[in-house]
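Heads up: the protein sequence lines correspond to chains W and C, in order. Add 9 to a position in the first sequence, counting from 1, and you land on the number used in the working numbering. Add 9 to a position in the second sequence, counting from 1, and you land on the number used in the working numbering.
Read the hints as simulated data drawn from the structure, not as lab findings. One or more hints might be untrue.
Identical copies look the same in the list; a pair holds intra-copy or inter-copy alike.
As the list claims (entries may be wrong) - Dumping the calculated DSSO-like pairs for lysine-lysine here, alpha-carbon to alpha-carbon at most 30 angstroms:
#, residue 1, residue 2
1, K45, K88
2, K108, K88
3, K18, K64
4, K122, K66
2 protein chains.
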Amino acid sequence: MNTVNIASKFSMIEEFWSPRIAGELNDSYVKLAKLKGEFVWHHHENEDELFLVVKGKLLIKLRERDIWLEEGEFAIIPKGIEHCPVAEEEVQVLLLEPKSTLNTGNIHNERTKTDQWI
Amino acid sequence: MNTVNIASKFSMIEEFWSPRIAGELNDSYVKLAKLKGEFVWHHHENEDELFLVVKGKLLIKLRERDIWLEEGEFAIIPKGIEHCPVAEEEVQVLLLEPKSTLNTGNIHNERTKTDQWI
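Looking at chain W on its own, in the form it has when it is part of the complex (with noise of 0.2 angstroms):
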């Protein structure tokens, strides 16, 4: 049961869009991502997942609609729902979603990771 300073933990993430497992509870885990520039259109099929903007600005475009956070701000993307998250500059990330979750949902390609602890 140990603390986690949040900032201590992104200064020791280097690699962009590839989350860190920074907690675990009940099926979850907490994870921490550095993003920047765009990801890939993506959905998970039964996952909803969370959105804590800790710095910088946000877009997450949805077929829809563009989604803004800014720090401090948070959202949630249900299960099914396309998204694709864009960093026009570094954007540090605090992401809260079932274990069972896989950065790109139903897309499998290069930018596809397995999440690591930090």
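Based on these hints, arrange chain C on the given structure of chain W.
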């Protein structure tokens, strides 16, 4: 699918020790609570609970030791572990826990709250 500004939600909370629901995902709620003073010793039989300090400094007393959480730090209290949060000064905390979680855990007293959305 709304964006939630955490500071804005906190500005609407007046009562201490009365968590308000700010989001739901999977089987869990994201809750926001203002804390001041000492709570009650309790545990949650089946639920791990995440405390993320947004503002202030939180002491979580455990039977064996103390945990101190500063702003931008989180800790996860596993199910079954007795704990007692203490806020010498006002603390703003984001909680993540299963929907079944009662704020006072195994204790039912005048501090037990039925959580409402904010």
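Please sort K18 with K64 into within, between, both or neither, judging by C-alpha distance up to 30 angstroms. The answer is both: 13 angstroms in one copy and 19 angstroms across copies each meet 30 angstroms.
For K108 and K88, with the copy left unspecified, which applies at a CA distance of at most 30 angstroms: within, between, both, or neither? both (14 angstroms within a copy, 18 angstroms between copies)
Given a CA cutoff of 30 angstroms, do K122 and K66 count as a within-copy pair, a between-copy pair, both, or neither? within (23 angstroms within a copy, 35 angstroms between copies)
Check K45 against K88 for me: Cα-Cα at most 30 angstroms, and say if that holds within a copy, between copies, both or neither. Close inside one copy (24 angstroms), not across copies (36 angstroms); limit 30 angstroms.
Comparing the model with each numbered hint stated earlier shows that all of them hold.
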